[in-house]
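Top to bottom, those sequences are chains U and F.
For the first sequence, the positions run 1 to 269 when our numbering is used.
For the second sequence, the positions run 1 to 303 when our numbering is used.
Take these hints with a grain of salt, some might be off.
What the hints assert, rightly or not - Away from chain F, derived, C-beta distances all over 12 Å, residues of chain U:
no.	residue
1	His4
2	Ala222
3	Glu253
As the list claims (entries may be wrong) - If you want the footprint, here are the derived chain U segments under chain F, 3+ residues with CB under 8 Å:
no.	stretch
4	43-52
5	182-193
6	214-221
Said to hold, decoys possible - Interface residues of chain F toward chain U, partial, derived using beta-carbon atoms under 10 Å:
no.	residue
7	Arg59
8	Glu83
9	Ile85
10	Thr266
It is worth saying that the hints were derived from the structure and are not from the lab.
Backbone N, C-alpha and C define an ideal beta-carbon position, used for all residues, glycine too.
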Amino acid sequence: MKKHILDFRVISNQPLNDNHNLLELECNEAMPQMLAGQFAEVRIDGSPTTYLRRPFSIHRVDYAKNTMHLLIKSVGDGTRSLANIETGNSVNIMLPLGNGFPISENSEVLLVGGGCGVAPLWYLAEQLNKSDNKVTMLIGGRSAKDILLADEYSRFGKVLIATEDGSHGETGMVTAHSVFRSEKLPFSAIYCCGPDGMMKAISHIAEKQNIPCFVSLENTMACGIGACLCCVVDTHQGNRCVCTEGPVFNSKELKGWSAETEVGCSIDR
Amino acid sequence: MANLSVNIHKLNLKNPVLTASGTFGYGEEFDDFIDVNALGGILVKATTSKHREGNPYPRMAETPMGMLNAVGLQNKGVDYFVESIYPKLLKYSNCIIANVSDSTVEGYVEVAAKMNKLEHISAIELNISCPNVKEGGMAFGTSCPSATAVTRAVREVYDKTLIVKLSPNVTSIVEIAQAVEAAGADAVSLINTLLGMAIDAEKRKPVLSTITGGLSGPAIKPVALRMVWQVARAVKIPVIGIGGITTATDAIEFLLAGASAIQVGTANFIDPQATTKIIKGIEDYLERHQISDVNQLIGGLIS
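Isolated chain F (complex conformation) (with noise of 0.2 Å):
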């Protein structure tokens, strides 16, 4: 059988599929339709220093495949998680990961240097590409100077790996990802929702109580994909892909683009057993293709 593990800086994942953060609970939510310990790695709901409400209901609006939502980081805060939702991971052998968030540097800091003494957490994300709360998250994500500064700062602080997951709705993601690789990011995960809007005609009404949100759902995969092709290029970091992958196929092409691993978000709203079925077509196709090592399809398009 062909050889299905990847390596993204120290992290050693069985398989190159990943949840994408926010989509997939904190693992438990899933135990009934798969074995979580089969993928290679979870990223679990965003954590912030302080607990957050997230924004009002209507937080979702379905839209032409895919979703806008706004929940804005709902979430008891990183002390809770610490004490009540840890332990509860402790279950998973696999690679567990965790998003960090948070509308100041130092609350990315705190959470980061409570993380870090986390042995069951083997790396944090950092969102700085939220596009639903008011301050900070995407914030950070959109300019190069914020982008370092919070990276660097976070870097100090954190021993194991560190990913930075980057918001699509900038002018040159290529330009953020490498002030956060210069600025000590391990590895970089694209893309966070684009910002999108989604008007009830009828009521003459925004559906959000936000008015924008984030899009998500395949409708964002050529955008995606794109973009993964552009940072694996610019970076010598590992790019995780993230963006509208439903099939094996998808995670694929994000593979050929120059993805290390790849997150499956939306998807898992519709089918929770898509990322399984996703590794499992991976499986398929290597070996219609006679491939022995996934690692021979990063960055693998033909010229």
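Isolated chain U, as found in the complex (with noise of 0.2 Å):
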């Protein structure tokens, strides 16, 4: 897919809570086809001590309006400075980059998101659901305010809710979610963004049940187009760049990804 650098207008900023912010982008020129799981480079003008572009997954986008959502964790300077962007402001954005979560069709699967991993989920689950997908989604966070979007995700399917704190849905982390408890899941994909660890917890779950488990990871990058292999993650073929060759992976691709591994689950960790 052809890449592009193109300058957004921002419509709305709306803070989701204390560190979250959805962004909503009108592109000054005919937005280009972008896969669900792809990611955009957002330069960042207004931060002195950011030099490199952030990466942020494609959130939704509206072809029709010829706009696209950011979801913006506050983590340093450079995504601060982002959150902090006021309407009708200029931001430019290199995208779309990287592979997709493959599209399942016609099948039960489900989604996992963890924290703002939920990011990518929304744009996935919409492709899903046009492709006659029964979706069903697991939203995981420390507590009630760590839930992003929940109420957004639930005109794509069944939204299941779980809080460390037990302040939102089931208490415990989402690897514990009661919809694992099946002997057999009925799901044929599981699709997961979050945390490391929370991720290769899902994909013990998926690998023994013989389920083929996505995940869509976020390493620290700074060319975002392969340039640079900055962005590496250890594979079973040899290092392979997560901006060109993710950041999409079969988790059974990924070295120290198998069951055998020992593993931690916390979200936003």
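Dock the two chains into a complex; use the hints.
In structure tokens:
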């Protein structure tokens, strides 16, 4: 897919909690086609300490309105600067980057998002929905305030919630959710995005039941186009760039992700 | 329109703007953004005698006005380059320069000899300055005897333009430049990255898996400019300036300091169109100053 560098205008900036914002951005030109799971590299203009672009999952795409949404978690100066951007300002974005999630057809699928890991799952759920899949969405977080956009996701299927403090949905981590208690899970694929520990634990569950598990990784990167080789992940085929050969991987490709390795699982860590 | 073409030994470049090795992949990564043929030339990612997996993640840390990297020369080796990468480079009609590195003199010689047979590779840049490998790399470029030895050995098997890329992590870069000139280098390029370090204070751990890494970006530009100026006055062979070049003004500063051409590196990561914007900016500068030939800028500081 051809990559573009485009200017977008901020249409709205909605705070979701104390460190997450949802940006709606209108493209100055016709927006190119994008796949669910692909990402964008955003130039940060307002932060003197930020030199490199910042990668964000493409959250939603509306071709009719020529807009897209990005879900921003404030982590450092760069993301904070973007989260504080005002309506009407211009943002320079390189997209669409990386591969996408494989979209199954006419089957039952589970989407698991931890914290801001729900970011790529909105567009994914929409695409899966269009391809006649029965979508179940499991969202986890530490506390009720960390569960982002759960109501929005209900339009695509059943939404399940797990919080570590029990303030919303089931108490505990997503991996301990009752949906996984079945001896034979009904899903033909599991899609997952969140902290590495969570994704590893979900991939073990999937592996045990022989269900393909697609995970979206988030390594620190510079170029986003496979030139610098900074964002590599260790796979059974050697180092692979998360930016061009990911960010979506079948968990079986990743070294150290098989069920034998010990894993912890905590949201946002 | 002003003349933009410059010569580096036998190379005639249509303009002085090249890409720095390791920041431009094999060119094709940038095809969506620019006409790669519009550049003076491209320096492709470093090639070693054997496949190298590179260093473990994390390999990168952002720093004020720059970044540290510790990629560690990840590449599939010279035989893979000859079989699978070289044919893809043939679509480019401009100057293609291979960056050659290794951990032994024999390894450098093997890669150089194989590159010598590739018609469309018009020069090699000998990387004796990579700070991110345990053996070789920078170790060759930080003492005059070892820099001389590897340059001389490669010179014996390489007939075309031989550029040697110098490390700034030395007491006197001028002495190293003069040593490789005497050993048969046709040009020098400088600077490679400066050895640096980043620490995560919250975790009380180094950020990079290798602890130290190579600093690049605008942060190093004044150091690079000083070194280019010093070396250009001390050698007779052409100098290629590298270090934090982001804009046409940066590029012109390096030409004025004595560089005959420049390489754009880290700027490619933030703006994949940086190189073509710099070419346009140099044209605009020449027009604005009514200079008919870019060569008039080389070493053109007014005293």
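Hints versus structure:
The claim that U:His4 lies off the interface is violated: its Cβ sits roughly 7 Å from the closest Cβ of chain F, which falls inside the 12 Å cut-off. With a closest Cβ-Cβ approach of about 4 Å to chain F, U:Ala222 is found to fall inside the 12 Å limit, against its non-interface label. Every CB of chain F is more than 12 Å from the CB of U:Glu253 (nearest about 15 Å), matching its label as outside the interface. Look at the stretch 43-52 of chain U against chain F: 5 of its residues bring a Cβ nearer than 8 Å to a Cβ of that chain, three or more, so the hint holds.
Counting residues of the stretch 182-193 of chain U whose C-beta lies closer than 8 Å to any C-beta of chain F gives 0; at least three are required, and the coverage claim is violated. Closer than 8 Å: that is the beta-carbon criterion, and the stretch 214-221 of chain U has 3 residues meeting it against chain F, so the requirement of 3 holds. A cut of 10 Å between beta carbons decides the hint on F:Arg59: the least distance to chain U is about 5 Å, and the hint holds. Violation of the interface hint for F:Glu83 is found here, the shortest Cβ-Cβ separation to chain U being roughly 18 Å, above the 10 Å cut-off.
Residue-level restraint check for F:Ile85 is violated (minimum Cβ-Cβ distance to chain U is 13 Å; threshold 10 Å). Checking F:Thr266 against chain U: minimum C-beta separation of about 8 Å stays under 10 Å; hint holds.
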